[in-house]
Amino acid sequence: MLTLRRGEQLRARLNAACRRYLSVKAEPKAVTVADAEYTAEPEYPVIRDLSYKSRKLQTAAEWHEQIRQLPTVEEKMIKVNMPRYYGYKVVDLNDTKIPYNALPLTQHYTRTVLEELPTPQAKTEDKKDDLDATVKMARDDIIEALEYAHDVYKHQLQLMATPPDAVKREQQLTQIIVELVNRSALQVLSADYGHLNEVEIDYNPRHEAFWAVGGVDPPKNVVKSKEGRPWQKDDAHDSCDRLVQYTGQPYLALRHRHQLPTWKSPEESENLTLAQQLPRFKIDARTLGYSTKYQHAVNVPGYWPSANAPNFGMLSFQSRAHLQLRPKSCGERDDLEALHALAIQSSYAWLLAQANYHGFNTYNELTYPWNTQTVITNGREWSFYEYQLNTLLVHGAYVDTNPRVNFCRGTAPQPLYAEISTEGKCVDFNDNTLRQLLELYIRAPSIRRTADELLPYMGGPALRRAADYENAEQREFLEHTFKHLASKRPRHLELPEVYMWEKIYKIDNKTRALEARRRFFERDINPWRRTLDQHDKVYVPKAERPGGRKNREGRFKKTYYP
Amino acid sequence: MSTRWYPIYQRGNPQLRVFLPNFWMKLVRPTEEQPANVVTFAVSTEMTKYDVKNYLEKIYKLPVVDVRTRIALGETKRDQTYGYVTKKDDVKYAYVTMPKTEAFTFPDIFVNKAEKQEKEEKSLDESKAGFRRFLDRNKKRPGTPGWYSI
Amino acid sequence: MRLTNKLYAQHIGWHFKKHWQVQGRRVPRETGAAAELLKMGIQVKTPDELLNDKKEFRLVDIVETVPKPIVEDETHPNWHTTACHMFKDNNVLLGGLPQAQVLTNTIEINSFPQQIEDAISNGQYSKVVDRNVQNAIFSSHLLDAQQVKLPKVKLIDRPAYNLPRLYGISHERRNRLIINKLLFEIEKLAGRSVTVRRKLMDNVTFQTLISKDNDLLSFILSGDKLISSSRALDAVKGKFNGELPDLYPMKCVVSIPKRHIYTENNFYPIRSEISCSHPHTIVSFFDKTIVGNIHGSDVSKTQFYGRSMLKAFVAAAARAKQINGVTFCSDLQKPIVIQCVHTDGREFHFGVFQLNTLNLDSNNTTKNYWFHRGSIEMFNDCSYKTGRPYIDGYNSEPFRILNAFYNSS
Numbered sequence: 001m002l003t004l005r006r007g008e009q010l011r012a013r014l015n016a017a018c019r020r021y022l023s024v025k026a027e028p029k030a031v032t033v034a035d036a037e038y039t040a041e042p043e044y045p046v047i048r049d050l051s052y053k054s055r056k057l058q059t060a061a062e063w064h065e066q067i068r069q070l071p072t073v074e075e076k077m078i079k080v081n082m083p084r085y086y087g088y089k090v091v092d093l094n095d096t097k098i099p100y101n102a103l104p105l106t107q108h109y110t111r112t113v114l115e116e117l118p119t120p121q122a123k124t125e126d127k128k129d130d131l132d133a134t135v136k137m138a139r140d141d142i143i144e145a146l147e148y149a150h151d152v153y154k155h156q157l158q159l160m161a162t163p164p165d166a167v168k169r170e171q172q173l174t175q176i177i178v179e180l181v182n183r184s185a186l187q188v189l190s191a192d193y194g195h196l197n198e199v200e201i202d203y204n205p206r207h208e209a210f211w212a213v214g215g216v217d218p219p220k221n222v223v224k225s226k227e228g229r230p231w232q233k234d235d236a237h238d239s240c241d242r243l244v245q246y247t248g249q250p251y252l253a254l255r256h257r258h259q260l261p262t263w264k265s266p267e268e269s270e271n272l273t274l275a276q277q278l279p280r281f282k283i284d285a286r287t288l289g290y291s292t293k294y295q296h297a298v299n300v301p302g303y304w305p306s307a308n309a310p311n312f313g314m315l316s317f318q319s320r321a322h323l324q325l326r327p328k329s330c331g332e333r334d335d336l337e338a339l340h341a342l343a344i345q346s347s348y349a350w351l352l353a354q355a356n357y358h359g360f361n362t363y364n365e366l367t368y369p370w371n372t373q374t375v376i377t378n379g380r381e382w383s384f385y386e387y388q389l390n391t392l393l394v395h396g397a398y399v400d401t402n403p404r405v406n407f408c409r410g411t412a413p414q415p416l417y418a419e420i421s422t423e424g425k426c427v428d429f430n431d432n433t434l435r436q437l438l439e440l441y442i443r444a445p446s447i448r449r450t451a452d453e454l455l456p457y458m459g460g461p462a463l464r465r466a467a468d469y470e471n472a473e474q475r476e477f478l479e480h481t482f483k484h485l486a487s488k489r490p491r492h493l494e495l496p497e498v499y500m501w502e503k504i505y506k507i508d509n510k511t512r513a514l515e516a517r518r519r520f521f522e523r524d525i526n527p528w529r530r531t532l533d534q535h536d537k538v539y540v541p542k543a544e545r546p547g548g549r550k551n552r553e554g555r556f557k558k559t560y561y562p
Numbered sequence: 001m002s003t004r005w006y007p008i009y010q011r012g013n014p015q016l017r018v019f020l021p022n023f024w025m026k027l028v029r030p031t032e033e034q035p036a037n038v039v040t041f042a043v044s045t046e047m048t049k050y051d052v053k054n055y056l057e058k059i060y061k062l063p064v065v066d067v068r069t070r071i072a073l074g075e076t077k078r079d080q081t082y083g084y085v086t087k088k089d090d091v092k093y094a095y096v097t098m099p100k101t102e103a104f105t106f107p108d109i110f111v112n113k114a115e116k117q118e119k120e121e122k123s124l125d126e127s128k129a130g131f132r133r134f135l136d137r138n139k140k141r142p143g144t145p146g147w148y149s150i
Numbered sequence: 001m002r003l004t005n006k007l008y009a010q011h012i013g014w015h016f017k018k019h020w021q022v023q024g025r026r027v028p029r030e031t032g033a034a035a036e037l038l039k040m041g042i043q044v045k046t047p048d049e050l051l052n053d054k055k056e057f058r059l060v061d062i063v064e065t066v067p068k069p070i071v072e073d074e075t076h077p078n079w080h081t082t083a084c085h086m087f088k089d090n091n092v093l094l095g096g097l098p099q100a101q102v103l104t105n106t107i108e109i110n111s112f113p114q115q116i117e118d119a120i121s122n123g124q125y126s127k128v129v130d131r132n133v134q135n136a137i138f139s140s141h142l143l144d145a146q147q148v149k150l151p152k153v154k155l156i157d158r159p160a161y162n163l164p165r166l167y168g169i170s171h172e173r174r175n176r177l178i179i180n181k182l183l184f185e186i187e188k189l190a191g192r193s194v195t196v197r198r199k200l201m202d203n204v205t206f207q208t209l210i211s212k213d214n215d216l217l218s219f220i221l222s223g224d225k226l227i228s229s230s231r232a233l234d235a236v237k238g239k240f241n242g243e244l245p246d247l248y249p250m251k252c253v254v255s256i257p258k259r260h261i262y263t264e265n266n267f268y269p270i271r272s273e274i275s276c277s278h279p280h281t282i283v284s285f286f287d288k289t290i291v292g293n294i295h296g297s298d299v300s301k302t303q304f305y306g307r308s309m310l311k312a313f314v315a316a317a318a319r320a321k322q323i324n325g326v327t328f329c330s331d332l333q334k335p336i337v338i339q340c341v342h343t344d345g346r347e348f349h350f351g352v353f354q355l356n357t358l359n360l361d362s363n364n365t366t367k368n369y370w371f372h373r374g375s376i377e378m379f380n381d382c383s384y385k386t387g388r389p390y391i392d393g394y395n396s397e398p399f400r401i402l403n404a405f406y407n408s409s
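First to last, the protein sequences are chains A, B and C.
Note that full-length UniProt numbering has the first sequence beginning at 1, numbered continuously upward.
Note that full-length UniProt numbering has the second sequence beginning at 1, numbered continuously upward.
Note that full-length UniProt numbering has the third sequence beginning at 1, numbered continuously upward.
Calculated from the structure, these hints are not laboratory results.
There could be a bad hint or two in this list.
[To be verified] Counterexamples of contact, computed for chain C against chain A with all Cβ distances above 12 Å: (1) Gln21; (2) Arg26; (3) Thr46; (4) Asn203; (5) Leu233; (6) His295; (7) Ser396.
[As the list claims (entries may be wrong)] Okay, derived cross-link-like pairs now, DSS-like style, lysine-lysine, Cα gap no bigger than 30 Å in a straight line: (8) A/Lys558 x A/Lys79; (9) A/Lys226 x A/Lys56; (10) C/Lys334 x C/Lys367; (11) B/Lys61 x A/Lys97; (12) A/Lys220 x B/Lys77; (13) B/Lys88 x A/Lys226; (14) A/Lys293 x B/Lys61; (15) A/Lys542 x C/Lys152; (16) A/Lys220 x B/Lys53; (17) B/Lys87 x A/Lys510; (18) A/Lys542 x C/Lys237; (19) B/Lys92 x B/Lys61; (20) A/Lys168 x C/Lys334.
[Stated by the list, open to error] Just a sample of chain A residues kept apart from chain C, beta carbon distances all over 12 Å, derived: (21) Arg5; (22) Gln9; (23) Glu37; (24) Arg48; (25) Gln175; (26) Trp231; (27) His237; (28) Pro266; (29) Ser329; (30) Arg448; (31) Ala451; (32) Lys488; (33) Leu495; (34) Phe521; (35) Ile525.
All of these numbers come straight from a predicted model, not from anything done at the bench.
Built from N, CA and C at the ideal position, the CB exists for glycine as well.
Required output: the full structure, derived from the provided sequences and hints.
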């Protein structure tokens, strides 16, 4: 009988296997071991904490590392947005709304130490005599510019049938004044200070920045969902991260190729005790008056990434027109603090947006400090601030462990002139304020760094932006996706919605027992957990397919998501 | 004080009385945690932010910086007897911000509840123990009245 | 039938009901008492006056009511019996430059005044300046981060096809940025001696009313940037002769709509008491979604030129009327010279207008002068091609002319 019975079949197979192993063992094999695999001291891999929380932290750290490894600016930005197709739920920070008692929250969210400088009253005779001469020369120009601006604007207001409201009036007048004052200052100073010839002026640029803040109490839905799971019940009230998006439109912004000099040394910046003395605002920002919105993470310092653009901010003029709308019952002290909060958040956001274009983001730490200067003005009252950004890590456990702190120092608002008289003459011009303004212009951006030092997390000298890729399709895809995310356009198709009757009769009170469960909330699908690349791909018609009509592989346009 | 329109008071006018005003405010514990200077009220749905502010400032002399309101949809419940879905009335909540120097926490009204319950239970336990002792004394003659001695 | 007792008996309830109707219809008889009383001088009042008092309702000023739109007929406060031709920003003359010439009594000279031509040809520019201008073009057309919905792009050969809607820098912002950056470069080159005598102003309006040959013309035009100087520009030296073009059978005011409601004031944006009030250069933007023919077709080159000339004319006329009085309409002792730049971000048209007279009648021998050359493109194409910013056909000519214009005095 040629067919073996089952037992014999098995035994035959076992014998064959053993023979294979036995034969291998029997042959003497020349074993070669690479020397590099062995070291004198045993090097054990890191012992990982395998608890649930640590594993979550580990996945987050791996995601941050993936972002760091990406070579170009646009890809990093797209990667941050990858987990959410419909955008993140972010706290909306604006330059139009600063609620009561906003300063502790702003300091916590930006990890800033605020130093209020006293207004310099009398100028000491020994320092800066050359600045005195410049101030004298600029004085007449500026007074003329102010009178001109007020006159022309008042003359033009006559023409309008309905005059605009107070906020818009202030904004229009201040825009004219700021542009004229900036022009006069640059004309007066550019002869002596060469860096002002290379400055780039942005008119009403778009400053937006996105970052994650830790040490905030979890919202009620997070607490409830954690309490419902036995392995997370004990961690229900642990602090979690809150995502923040700043949107601002200053009057004017000046940029330069090189960085401003720092005014806090690295030793002073790394101070854990100082960091722990910072105010902590653990409660939800909505209790103060901020609102939330759903938006992609957008980091734009007013321009798109470009190779030889002046990439470092020097000076920005912020608007305080909307602060008029705050209730009068807030009080003077809180109005002053609101200005400080506005300066801190706008400076931090602009610096963060610029740093994003250099490869840093809220998840990857800075390797060198950044500086900027801010002026908040309404044409008459001017406050001057300087900001030094030392760290971007304010999320997660870094709230308690990051020794680095950001610094901001600024003055109270000082009037540049008392008023413009009915004849159009400027009354009581204040030289001190003008001197402080010119000091901001005079501070020359002098720090030069090598390209490697500037862009440590990028893909080398030849690959920094999407425009550096050789593949044209990839370039186009990355540029298109990046700008689409930054445009905050709504998606074409409607968002998934639970109708009111479904909320009442299917979710809150389960009255429809016999209906088929076809809706997304009945099938345990969370439609907001859709990632950016979960969409139908663009179809390539047969006529345009590379490789001819019959090419099935080229049916869909290739995507280059990081 | 009310949604009715009353004649504007000028100096010299008689001080008219307001009867059955429909503005009311009720201090409630906030559902989400609020900063120390924010107080939460349940308020008549017809009141506006300015009404709430004036109410507190004029009647109770409280300094008010800012008021934010929201109308909470009343919850839906099943009727116990017939099973249909009913909806409770909507409530307006006002979050009143006071100056930073003021602080307010909602008082804990039921803090002594545990103690009171313990006291009640203790007295009940004591009376139960006493009755058990009585039964034990009369175990040789069960059912006889208590005034039997020895 | 026989009227018996039973039949004669009446239903008292129905009587009451009917009586209510009857007495309402009853008319009181004239007794003559009222006439006698009036003769005696005693006032007689009817019950109607006492009971149904005529109440006068005044309009209560409540916040947030919709204001009643003012009817545009004879009752309008600005109504005039003579109609007036109103020319605004969104309109273009049908006949283009020839029509504008006839309208404003101007002769056209196809080159710039001598000093400007000299300044253009003698100007020496280093490569740095060219690079800066190219950077300015990049940063204003491509690298600025504003993203608004751009107007729909329609393909002419496929009118029903909907192209995907683009987001990008809006037209007016693009123009504003390019002009600001070019002027910044020019001011850096010019130095403090020139710049201290100039002032820039955005979004100004010029309004003036002129009569020509029994027609009233009202111009309300805006300049998107006005460079004003502390000294007026000198009149152009030399005599220029030329003929006005013949527009037969068109009348020179064709395509300017007529209205009866207008105001007769003259508006120049800067008061004459201010030091830098002389108009030096006016820059205006051309946006083809706003500016067009009233019948809807595209704007041709000559219409483009006509628009720039009219802007310069209106600015000069408004200034002349501000100095000499609103009713002034004759030859000027000191001609007003205004330079004009008309651009749509890519095409630049430069011109110099000399206003010699405000008397626009056809029998007047003094003519105004308009010096201009054809429009020049700064570049052919500036966009993102396959993800990289790209510029094609860069021309440095417009920058040089603009520089010469800025420095002229």
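So, going through the hints one by one against the coordinates:
The claim that C/Gln21 is not at the interface with chain A holds, since no C-beta of that chain comes within 12 Å of its own (minimum 55 Å). Even its closest Cβ contact with chain A, about 58 Å, leaves C/Arg26 beyond 12 Å, as expected for a residue assigned away from the interface. Residue placement check: C/Thr46 keeps its beta carbon more than 12 Å from all beta carbons of chain A (closest about 48 Å). Chain A draws C/Asn203 into its interface by the beta-carbon criterion, the shortest separation being 8 Å against a cut-off of 12 Å.
Every CB of chain A is more than 12 Å from the CB of C/Leu233 (nearest about 19 Å), matching its label as outside the interface. With a closest Cβ-Cβ approach of about 29 Å to chain A, C/His295 is found to remain outside the 12 Å limit, as its non-interface label requires. Distance to chain A confirms C/Ser396 as a non-interface residue, since its nearest Cβ pair spans about 19 Å, more than 12 Å. Pair hint A/Lys558 plus A/Lys79 holds up; C-alpha atoms about 17 Å apart against a cutoff of 30 Å.
Between A/Lys226 and A/Lys56, the direct Cα distance comes to roughly 14 Å. Compliance with the 30 Å bound is thereby established for this hinted pair. Restraint check for C/Lys334 and C/Lys367: the C-alpha separation of about 14 Å stays at or below 30 Å, so the hint holds. With a CA separation close to 28 Å, the supplied pair B/Lys61 and A/Lys97 stays within the 30 Å bound. A hinted pair counts as satisfied when its Cα atoms are at most 30 Å apart, and A/Lys220 with B/Lys77 qualifies at roughly 22 Å.
Straight-line distance between C-alpha atoms of B/Lys88 and A/Lys226 comes to about 29 Å, which keeps the hinted pair within the 30 Å bound. Of the pairs offered as hints, the one joining A/Lys293 and B/Lys61 is violated, with about 37 Å between alpha carbons and a cut-off of 30 Å exceeded. Between A/Lys542 and C/Lys152 the CA atoms are separated by roughly 28 Å; this keeps the pair inside 30 Å, and the hint holds. Straight-line distance between C-alpha atoms of A/Lys220 and B/Lys53 comes to about 28 Å, which keeps the hinted pair within the 30 Å bound.
Note on B/Lys87 and A/Lys510: the hinted pairing holds, with a Cα-Cα distance of about 15 Å set against a maximum of 30 Å. A distance of roughly 68 Å separates the Cα atoms of A/Lys542 and C/Lys237; the hinted pair therefore is violated under the 30 Å criterion. At most 30 Å may separate the alpha-carbon atoms for a hinted pair to count; B/Lys92 and B/Lys61 meet this at roughly 22 Å. Note on A/Lys168 and C/Lys334: the hinted pairing is violated, with a Cα-Cα distance of about 40 Å set against a maximum of 30 Å.
Distance check on A/Arg5: its Cβ is at least 71 Å (rounded) from any Cβ of chain C, clearing the 12 Å threshold; non-interface status holds. Against chain C, the non-interface label of A/Gln9 holds: every CB pair exceeds 12 Å, the least being about 64 Å. Look at A/Glu37: its CB is around 44 Å from the nearest CB on chain C, clear of 12 Å, so calling it non-interface holds up. Interface exclusion of A/Arg48 from chain C stands, the closest Cβ pair being 41 Å apart, more than 12 Å.
A Cβ of chain C approaches the Cβ of A/Gln175 within 12 Å, the least distance being about 8 Å, so the stated non-interface status is violated. Remark: the non-interface label on A/Trp231 is consistent with the geometry, its nearest Cβ contact in chain C lying 44 Å away (cut-off 12 Å). At the 12 Å boundary, the C-beta of A/His237 stays outside the reach of chain C, the nearest C-beta of that chain being 40 Å off. At the 12 Å boundary, the C-beta of A/Pro266 stays outside the reach of chain C, the nearest C-beta of that chain being 32 Å off.
Listed as a non-interface residue, A/Ser329 keeps its Cβ farther than 12 Å from every Cβ of chain C; the least gap is roughly 22 Å. Under the 12 Å C-beta cut-off, the non-interface status given to A/Arg448 relative to chain C holds; the minimum distance is some 19 Å. Even its closest Cβ contact with chain C, about 19 Å, leaves A/Ala451 beyond 12 Å, as expected for a residue assigned away from the interface. At the 12 Å boundary, the C-beta of A/Lys488 falls inside the reach of chain C, the nearest C-beta of that chain being 8 Å off.
Interface exclusion of A/Leu495 from chain C stands, the closest Cβ pair being 20 Å apart, more than 12 Å. Once the 12 Å rule is applied to beta carbons, A/Phe521 is consistent with being away from chain C; the minimum gap is 32 Å. Listed as outside the interface, A/Ile525 is consistent with that label: its C-beta sits roughly 29 Å from the nearest C-beta of chain C, beyond the 12 Å cut-off.
Of the hints listed earlier, those the structure fails to meet are numbers 4, 14, 18, 20, 25, 32, in rising order.
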